[in-house]
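K.L.:
Each chain is listed here by its residues.
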Amino acid sequence: MTAQILYAFFTVLLGVGGCFGYFYGSNWLLDRTFPANANNDASAVRNLRIQANIRPWLFLGPALLLLSVYLIFPVIQTVYLSFHDRAGDKYVGLANYKWAFYDDQFRLSIFNNILWLAVVPALCTLMGLIIAVLTDRLWWGNLAKSLIFMPLAISFVGASVIWKFVYDYRGEGQQQIGILNAIVTYFGGDPQVWIALPFWNNFFLMAILVWIQTGFATVILAAALRGIPEDTLEAATIDGAGPFKIFFRIMVPQIYGTILVVWTTITVLVLKIFDIVLTMTNSQWDTSVLANLMFDWMFRGGGDFGRGAAIAIVIMVAVLPIMIWNIRQANAEQKGH
Amino acid sequence: MFKKFSLEPSRIALNLAVLLIIGLWTFPTAGLLISSLRDKNDIAASGWWTALSSANVNKKTHLKDMADQVEKDGKFTISGNVFEGADAVSGKVSAFGTKVQAPGENAAGANAALDGGQSLVVNPDGSYVLSSPTAFTADNSGIRVFYISSQPPRFTLENYQTVLFSEGIGRSFINSLTVTIPATIIPILIAAFAAYALAWMKLPFRGLIIAIIVGLLVVPLQMSLIPLLKLYNAAGTFMGVPSKTYLGVWLAHTGFGLPFAIYLLRSYIAGLPKDLIESAQIDGANDFKIFRRVVLPLCFPALASFAIFQFLWVWNDLLVAIVFLGSGPDQLVLTGKLNALLGSRGGNWEILTASAFVTIIVPLTVFFSLQRYFVRGLLAGSVKGG
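Those sequence lines, one after another, are chains R and P.
So the first sequence is residues 1 to 337, counted in the numbering used here.
So the second sequence is residues 1 to 386, counted in the numbering used here.
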């Protein structure tokens, strides 16, 4: 264990030192090779121009290298693998996609993913909006927001333990120690194994993500609400608009762009959802989603990289529209500069 | 801003509504924390929301047998105490009975008539007197008694001791730190240099590179796993080292964190005043110098935001850790350990709650102490540059 700590410590030193060394060293080398204070003006100007051409790539180099190895190359490779057999050697055309299309488990996962997509972003954004508006009018609103925001810092696994405890089930007649079953039995209902109720269990898993992400929506939307000019709201009040009219006619349209951003951010997160399903049900009781299905094909049952890759591509295709929209937004912003 | 049309009752309703929501949001975590501090028998016996009240526990014991009988005035009695050991100090009998179907048939202190003219009294302090008009025989003495004992709440750190030292959570904690700290520090400098280049330096394809980085922001991690795993395996075999190493995880987290880091820092650095950069350029400083002397000190808040994000994301990550690290005790991180415990210790809530609390205490501390930077990063990262 001590060896491990030392190892980690030296890696930090080495990594950070290496970064420093690289940036200092490469820039020093550049300044040395093409000195800006050359003896005649012509070569000084020429050297400066060369420096200006090379230096950005020295700055960008490590980042581009890491991005290429860890993201760009894998994306291309995954596309390639999805057309190949389980070991990735033999070209099989669309066989993996065809398999997916007819596979019951895959269809179930797609269905569940769509269910998640339909419920979680909408619910988070709605709750976030409501909480943002309500807390905006309280002197202790920031404290309230912190508490609702807090689950965002908790890991999905930690959150799953928290909620598994909420959903805990004891046989009928026994003392229920899960709060949900305790409430149900208090009102005379029968205790249920919530996470094993097909179809409905999806919603109990979604509740966890809503619990985590509502804080995110709240904070972003609250900041956007602050940005609405006071005059607009005052003018509306003078014109006799009630709080609901102000909310729907003025606030929501004003922060529409932000709502969209929150919605898409959570949508991307939902498409990748993995940890919650793994820890809560391990895909049992019809709760599988695409990311978990992919994980199962990769690591269980011998590992089928072709099918796993095909499932990853399906997730990627689902993210694609949001990606394109983001890039267009960023480009528009660039032009605006 | 709404003060104009907020009447007093609506104000109260508003406060109550927000309180209700907060209650709903913090209740699950409170359950975890409180349970982790309870005695493990209490956790299994009653809901955590009753932790402050005494718990009623059904117990049974055998009364003393004929050897202890005392004769007095033609009546035979056997007396003693149902409590043994620690219970004798704290327990309190609320009811008792002699049939398993009705363990709480008689209130404590009441006289229960038994077969053969016998009678039994169990007092709240546990003392009992069994009396009979005839002498006790081997057949009708040493009988079973069921009683309901109410135990005062007991809070303890035992669960934490157990998970930290004998369940392997302590070791996993060290592993998590080993993964998280380098994976947080290494990307910062790399991203900062790249961000500066993309914000202020003239270079071809700048727009394209930015577009690619924005695109990579949303690429699902799942896309990378299979190719990287193959790559790591190949590299491991080629160099004769294990393919699952901390170095591999650090680099993976660095790579996965970079798009967001560059995006966040670039929008911050691009928002710095143009005059500042230009005047430094006129003074003859090259970009390396400008970056070190002017930009880096100024973008500390953005660096802090990113560091917090990356720290939380790496600490809380499960997928990357289980794919790129082994599952032995020397490499299993907290999230992975917790996931394993959920499988092996499914019903042992004293283990699970304490373990879960150990895993979430670090991110919660970071979050509450550095919330300002966290929120700022969130706003900059997802709303709009600047």
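No wet-lab data here; the hints were simulated from the structure.
All C-beta atoms, glycine included, are put in the ideal place defined by N, C-alpha and C.
Errors might be hidden in some of the hints.
Cut-off 25 Å, straight-line C-alpha distance, at most; resulting in silico cross-link-like pairs (SDA-like, lysine to any residue) [as the list claims (entries may be wrong)]: (1) Lys-230/P <-> Gln-77/R; (2) Lys-274/P <-> Gln-77/R; (3) Lys-289/P <-> Gln-77/R; (4) Lys-289/P <-> Gly-25/R; (5) Lys-335/R <-> Lys-289/P.
Among the chain P residues that face chain R by a calculated CB cut under 7 Å, a handful are [unchecked claim]: (6) Val-18; (7) Val-219; (8) Leu-338; (9) Ile-360; (10) Val-362.
K.L.:
Hey, Lys-230/P versus Gln-77/R, does the alpha-carbon distance stay inside 25 Å?
P.N.:
Distance ~10 Å between Lys-230/P and Gln-77/R Cα, so the pair holds.
K.L.:
Holds or violated: is there a CB of chain R closer than 7 Å to the CB of Leu-338/P?
P.N.:
The hint holds - Leu-338/P has a Cβ within 7 Å of chain R, the shortest such distance being about 5 Å.
K.L.:
Is the hint on Val-18/P kept, meaning its closest Cβ partner in chain R is under 7 Å away?
P.N.:
holds, 5 Å
K.L.:
Taking 7 Å as the limit, does the beta-carbon of Val-219/P come near enough to a beta-carbon in chain R?
P.N.:
Because about 6 Å separates Val-219/P from the closest Cβ in chain R, which is inside the 7 Å limit, the hint holds.
K.L.:
Do the alpha carbons of Lys-289/P and Gly-25/R lie within 25 Å of each other, as the hint requires?
P.N.:
Holds, at about 13 Å.
K.L.:
Take the C-alpha atoms of Lys-335/R and Lys-289/P, compute the straight-line distance between them, and say whether it is at most 25 Å.
P.N.:
violated, 28 Å
K.L.:
Given a cut of 7 Å on the nearest C-beta pair, is the interface hint for Val-362/P held or broken against chain R?
P.N.:
Check failed: Cβ of Val-362/P comes no nearer than 9 Å to chain R, outside 7 Å.
K.L.:
Between the alpha carbons of Lys-274/P and Gln-77/R, is the straight-line distance 25 Å or under?
P.N.:
violated, 41 Å
K.L.:
Within a Cα-Cα threshold of 25 Å, do Lys-289/P and Gln-77/R meet the stated pairing?
P.N.:
Given pair Lys-289/P, Gln-77/R is violated - Cα atoms ~39 Å apart, limit 25 Å.
K.L.:
Would you check whether Ile-360/P satisfies its interface hint, that is, whether its CB is within less than 7 Å of any CB in chain R?
P.N.:
holds, 4 Å
Violation of the numbered hints given earlier is confined to hints 2, 3, 5, 10; the remaining hints are satisfied by the structure.
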